[in-house]
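K.L.:
Sequence:
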Amino acid sequence: MMKQKLSLKGRALRYLSMREHSRAELFRKLSSHAEDGDDVDAILDWLEENNFLSTERFSDSLVNRRSGRFGNHRILAELQSHNVDAIEIDRIKSELAESETSRAVDVLLRKFPRPPLNQIERLKQSRFLQQRGFSGKSIQLALKTERSAND
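Count along the sequence shown from 1, add 237, and you get the number used in our numbering.
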């Protein structure tokens, strides 16, 4: 049997059933399947009007997936790359600010359960957190956290 070709609306709903997408991300995915008469923006507008596509849900979903491994800088940069508006980014920024230090401590303890023995190890641990997008203040506080040396 031949497989029936999925419409753009059906394809969009299938993508959204798997996980939340930003409007820009869904536009990019659907555009590659659009034919001459298809209006991708109209489909995206319909999805937003019917609450299938939501910037707030996408932002919360991305934060939920990334916050256990990354710092505020990296998460906010990813939101900006998805063309999330400034108001939504400010909302997420204020929510993330409260938990960044504790998240930095958790990430550091998973990778480095023992405290640094010298300055080289301290720099290595600091760079690790920096590459994950944590702020300097959170990195300093995380490195000062008490860790057992004999685990």
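Please note: incorrect hints may appear among the correct ones.
In silico lysine-lysine, DSSO-like type, Cα no more than 30 Å apart, as pairs [claimed, not checked]: (1) Lys-266 with Lys-246; (2) Lys-348 with Lys-374; (3) Lys-361 with Lys-330; (4) Lys-361 with Lys-374; (5) Lys-361 with Lys-381; (6) Lys-330 with Lys-348; (7) Lys-374 with Lys-330; (8) Lys-242 with Lys-266; (9) Lys-381 with Lys-348; (10) Lys-330 with Lys-381; (11) Lys-266 with Lys-348; (12) Lys-361 with Lys-348.
Distance ranges between label pairs, derived from CB positions [claimed, not checked]: (13) Leu-360 with Ser-244: 53 to 61 Å; (14) Asp-297 with Phe-365: 34 to 42 Å; (15) His-270 with Ile-357: 48 to 56 Å; (16) Gly-274 with Ser-336: 18 to 26 Å; (17) Leu-250 with Gln-367: 17 to 25 Å; (18) Leu-243 with Ser-298: 35 to 43 Å; (19) Arg-311 with Asn-355: 34 to 42 Å; (20) Gly-274 with Arg-306: 26 to 34 Å; (21) Asp-322 with Pro-352: 21 to 29 Å; (22) Arg-347 with Lys-246: 26 to 34 Å; (23) Asp-322 with Arg-347: 30 to 38 Å; (24) Asp-282 with Arg-256: 31 to 39 Å; (25) Gly-247 with Leu-378: 45 to 53 Å; (26) Ile-357 with Ser-268: 42 to 50 Å.
Simulated from the structure, these hints should not be mistaken for lab results.
Where a beta carbon is used, it is the ideal one built from N, C-alpha and C, also for glycine.
K.L.:
If a hint holds in the structure, say so; if it doesn't, say that too.
P.N.:
We went through each hint and held it up to the structure:
1. Lys-266 with Lys-246: holds, 12 Å
2. Lys-348 with Lys-374: holds, 19 Å
3. Lys-361 with Lys-330: holds, 27 Å
4. Lys-361 with Lys-374: holds, 16 Å
5. Lys-361 with Lys-381: This hinted pair holds, its Cα atoms lying about 14 Å apart.
6. Lys-330 with Lys-348: Judged against 30 Å, a Cα distance of about 25 Å means the pair holds.
7. Lys-374 with Lys-330: Answer holds: Lys-374 to Lys-330 is near 16 Å, not above 30 Å.
8. Lys-242 with Lys-266: It holds: about 16 Å lies between the C-alpha atoms, which stays within 30 Å.
9. Lys-381 with Lys-348: Holds, at roughly 15 Å.
10. Lys-330 with Lys-381: Satisfied, since the Cα-Cα distance of roughly 24 Å is no more than 30 Å.
11. Lys-266 with Lys-348: violated, 35 Å
12. Lys-361 with Lys-348: holds, 11 Å
13. Leu-360 with Ser-244: 53 to 61 Å: Holds, at about 54 Å.
14. Asp-297 with Phe-365: 34 to 42 Å: violated, 27 Å
15. His-270 with Ile-357: 48 to 56 Å: holds, 51 Å
16. Gly-274 with Ser-336: 18 to 26 Å: violated, 48 Å
17. Leu-250 with Gln-367: 17 to 25 Å: Distance hint for Leu-250, Gln-367 is violated at roughly 40 Å.
18. Leu-243 with Ser-298: 35 to 43 Å: violated, 23 Å
19. Arg-311 with Asn-355: 34 to 42 Å: violated, 28 Å
20. Gly-274 with Arg-306: 26 to 34 Å: violated, 43 Å
21. Asp-322 with Pro-352: 21 to 29 Å: Once the Cβ atoms are compared, 42 Å apart, the range 21 to 29 Å for Pro-352 and Asp-322 is violated.
22. Arg-347 with Lys-246: 26 to 34 Å: violated, 42 Å
23. Asp-322 with Arg-347: 30 to 38 Å: holds, 33 Å
24. Asp-282 with Arg-256: 31 to 39 Å: At 21 Å between Cβs, range violated.
25. Gly-247 with Leu-378: 45 to 53 Å: With Cβ atoms ~49 Å apart, the hint holds.
26. Ile-357 with Ser-268: 42 to 50 Å: Roughly 49 Å apart at Cβ, these two residues keep to the hinted range, so it holds.
Hints 11, 14, 16, 17, 18, 19, 20, 21, 22 and 24, counting from the list given before, are not met by this structure.
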